[in-house]
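These protein sequence lines are chains A and B, in that order. According to my numbering, the first sequence holds residues 1 to 467 in order. According to my numbering, the second sequence holds residues 468 to 934 in order.
No lab work stands behind these hints: they were computed from the structure. Keep in mind that a hint or two might mislead.
[Stated by the list, open to error] Estimated spans, in silico, between C-beta atoms of each pair: (1) 441/A <-> 658/B: 37 to 47 Å; (2) 881/B <-> 193/A: 45 to 55 Å; (3) 881/B <-> 414/A: 21 to 31 Å; (4) 44/A <-> 490/B: 53 to 63 Å; (5) 658/B <-> 65/A: 49 to 59 Å; (6) 366/A <-> 662/B: 56 to 66 Å; (7) 438/A <-> 874/B: 35 to 45 Å.
[To be verified] In silico negatives: residues of chain A with every beta carbon more than 12 Å from chain B: (8) 41; (9) 81; (10) 138; (11) 164; (12) 201; (13) 206; (14) 249; (15) 252; (16) 295; (17) 335; (18) 348; (19) 392; (20) 406; (21) 407; (22) 444; (23) 452.
[Claimed, not checked] Some residues of chain B that are not near chain A, with every Cβ distance over 10 Å (derived): (24) 519; (25) 593; (26) 674; (27) 724; (28) 815; (29) 835; (30) 883.
Backbone N, C-alpha and C define an ideal beta-carbon position, used for all residues, glycine too.
Number of protein chains: 2
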Amino acid sequence: MYRDPVESLEPQSSHVAALAPRPLRVGMIGIGTVGSGTFRVLARNQAEIAGRAGRGIKLVMVCARSLARAMRVVGRDAALTNDPMLVATHPDVDVVVEVAGGTSPAREWVLAAIRAGKHVVTANKALLATHGNEIFAAARQHGVTVAYEGAVAVSIPIIKALREGLTANRIEWVAGIINGTTNFILSKMREEGLGFAEALAQAQALGYAEADPTFDIEGIDAAHKITLLAANAFGMPVRFADAQVEGITRLQGLDVACAEQLGFRIKLLGVARRRKEGDADGVELRVQPALVPATHLLAQVNGSMNAVMVKGDAAGVTMFYGAGAGSEQTASAVIADLVDVARLQGTTPAQRVPHQGFHAHAVNEQLAVLPRAAVHTRHYLRVPVHTAQQVDEVSTWLAAQQVPVQRVELARDQALPAGSGPEAQAQVLVLTDAVAQATVDRAVQALADHPAVAAPVVTLRVEWLEG
Amino acid sequence: MYRDPVESLEPQSSHVAALAPRPLRVGMIGIGTVGSGTFRVLARNQAEIAGRAGRGIKLVMVCARSLARAMRVVGRDAALTNDPMLVATHPDVDVVVEVAGGTSPAREWVLAAIRAGKHVVTANKALLATHGNEIFAAARQHGVTVAYEGAVAVSIPIIKALREGLTANRIEWVAGIINGTTNFILSKMREEGLGFAEALAQAQALGYAEADPTFDIEGIDAAHKITLLAANAFGMPVRFADAQVEGITRLQGLDVACAEQLGFRIKLLGVARRRKEGDADGVELRVQPALVPATHLLAQVNGSMNAVMVKGDAAGVTMFYGAGAGSEQTASAVIADLVDVARLQGTTPAQRVPHQGFHAHAVNEQLAVLPRAAVHTRHYLRVPVHTAQQVDEVSTWLAAQQVPVQRVELARDQALPAGSGPEAQAQVLVLTDAVAQATVDRAVQALADHPAVAAPVVTLRVEWLEG
Chain A
1 MYRDPVESLE PQSSHVAALA PRPLRVGMIG IGTVGSGTFR VLARNQAEIA
51 GRAGRGIKLV MVCARSLARA MRVVGRDAAL TNDPMLVATH PDVDVVVEVA
101 GGTSPAREWV LAAIRAGKHV VTANKALLAT HGNEIFAAAR QHGVTVAYEG
151 AVAVSIPIIK ALREGLTANR IEWVAGIING TTNFILSKMR EEGLGFAEAL
201 AQAQALGYAE ADPTFDIEGI DAAHKITLLA ANAFGMPVRF ADAQVEGITR
251 LQGLDVACAE QLGFRIKLLG VARRRKEGDA DGVELRVQPA LVPATHLLAQ
301 VNGSMNAVMV KGDAAGVTMF YGAGAGSEQT ASAVIADLVD VARLQGTTPA
351 QRVPHQGFHA HAVNEQLAVL PRAAVHTRHY LRVPVHTAQQ VDEVSTWLAA
401 QQVPVQRVEL ARDQALPAGS GPEAQAQVLV LTDAVAQATV DRAVQALADH
451 PAVAAPVVTL RVEWLEG
Chain B
468 MYRDPVESLE PQSSHVAALA PRPLRVGMIG IGTVGSGTFR VLARNQAEIA
518 GRAGRGIKLV MVCARSLARA MRVVGRDAAL TNDPMLVATH PDVDVVVEVA
568 GGTSPAREWV LAAIRAGKHV VTANKALLAT HGNEIFAAAR QHGVTVAYEG
618 AVAVSIPIIK ALREGLTANR IEWVAGIING TTNFILSKMR EEGLGFAEAL
668 AQAQALGYAE ADPTFDIEGI DAAHKITLLA ANAFGMPVRF ADAQVEGITR
718 LQGLDVACAE QLGFRIKLLG VARRRKEGDA DGVELRVQPA LVPATHLLAQ
768 VNGSMNAVMV KGDAAGVTMF YGAGAGSEQT ASAVIADLVD VARLQGTTPA
818 QRVPHQGFHA HAVNEQLAVL PRAAVHTRHY LRVPVHTAQQ VDEVSTWLAA
868 QQVPVQRVEL ARDQALPAGS GPEAQAQVLV LTDAVAQATV DRAVQALADH
918 PAVAAPVVTL RVEWLEG
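Pulled out of the complex, with its shape left as it was, chain A reads as follows (with noise of 0.2 Å):
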């Protein structure tokens, strides 16, 4: 039987318990952005999570690198520590909220927690895109729950959507705008006509960019939160290191104009795709910077604003919108996971929701991502040609390779750098129809040799979403 660690803990009246239940009690590591935002929300709206969760919830041990900082946010309310492990492991601790970030020793923390029978809340994705299998595991074996809406698109319950809200489906695919630093970026080249490094030195000054950007313009970020929607639409288990991971900082301001010109936009584009055809039985896991046709929905979201769809065969195509980070918004998908956990007092694993949507036995082990070469997708392809006569030739060559042409045009001035006078190389723009992405590496590579080709070609994906 699973023992209850909260439980284990109630007066022995349960008749007393279920008519004045007690608080549960919160130990939480780390009270930087998303911890303060924790203690705020929850104090602010106390009745009425109270008055949702059925019991309070009730922050009383915290941990923290510097004591004071700690003390002028939650003042005398819980008790303060330097050790991250006795708020894993205390007594007085029913629930873990895991808010420090990183992997190292976060992992420890966190299986320590386990280990000592208390429910996790964690809004850390690279965490659990890393090390999610043990810790789910290790969660199973001890009975007890690691919940993290917090980790992907905070504001909006996402998580829960997919593995509660949306059981009824098989999933074929969720795509979305998952990390709202490169979202501002490409908002900002497209608004205001501003190169990558412009547009990331006016994220940095207005706080949506770190000092140190590299997780999020690299994709990282974006790639632990796709692996972590992956595993609950699908069934399968964490498998962050097979994705493909492309960012933007390779992006010109020249692609953001033309794929305007062909009615698209670009953005980083988390996606998890199902695959049934042929030999090619598995899922696309990947991160890139894609073009979406200006008329989708998920062209119209802006700024730092994430927005992810999910097409499930029952339901269609759904998407939710929201923050994807901030402290409030990031406290908003915490707490929510501890009134999920405030539920589970007495409860066994057969009445809870299991970690990824699917209980164990149903996680199918042998559900692998597809090697990058078998993806399939339309392509983008910008060619720099020496004149603008060479269009036919480009277009005439890349059918010859195979690669299925479906539009073909050249850059407009407007698209073009100011300054490009009618010596500058023209561009030629190809739209194609979904190739192997195979194809596509291949004709690109024998394209650098063809005399017409001015500079090296750029090719990008184009993601043909319903909805």
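The hints should help you fit chain B onto chain A, whose structure is shown.
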């Protein structure tokens, strides 16, 4: 103690039951569009659904008017009957799915099922919007759950989002396009310049509107849904009788065109907004055609699609988008509820999500719907005048009536109906700042006697939503 109706039917050895849990046995009342979709999806995705629910979900009994038709849908997989009360009370049924619709006999069936100790899943918004308080009270009394994700915006798990995903938040407002028929008609009117009657006829021909479309086009269906959303957002009783309900039957194509000229689109919105200003403490609960800025995400929701926006004090603005009707789209919601119910076996009410998101003791019985006169929004006025020169006259007169005029212009020729010559009326278009409905109503009434005014004045609300 609450005795779970399912548990009482379990094999006595709980060890054996834990290893191979018995399927959840579903009795269904009604096997029309939604019922047959539910049967189909349950059958098609049964392995994945069981993998998520931790046990199978099996349709064991169906009540239908035509047994022959029911037999064609479910074959010999389920017992068939004409008697809804048999399904509602049968000992072999764990959970009753009510998808027959209507309020009058449906209420009695649902109450009978509750009294027989069965959980209920229903997609019946009319039933819950009018009898929800009684039904939820009965369910609490008998220790069972009534789940109704399918009652609002079927493909979108919005009930779950409000009452579980956003539990940290004090909800400030909920606003949405929650009737697909009217959104289809409005999209047609705008895109093809049709009048209401023509657009309705097209919707009927294409199956987007019923032969008797009254519930949809008069806003009643949307009012049922916003009533349920408000109950979950604010923890208030179901107060459909107090909602202000205005449909789109009187909407003129001219106003769709004039709104477009001003940079807006007209949508039938359900709005529930908490207000705490001076003596107006309560909730706006209303369904009305309203102007939404054309660049706003809600304005991009076209055809028969639905979208619900929620503003929480912590999460900020979130939006949930998807199909609002359809056989398998509704099945998606019904089955999600069934999976939740499958996990309730052996739980107590304290371990469950309460019917309206708030536990009974926390439901605010005092929270009332504000009267129409007290509602504050921006407004659009279209004032037909004899000559274009009278535009200033109207504007000055409105300001004198305490209507805070923000912008005034004349309708351009292309907004006017084809064939309008220079001798036709001029249309003065006015946008106001936020103003009490009472002030606008008074001004519009008085305007009728103004010598410049050539025909009845049209007013519509302008919803200036964040997001």
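Of all the hints numbered above, which does this structure not satisfy? Sort the numbers upward. 2, 4, 7, 8, 11, 16, 17, 18, 24 and 28
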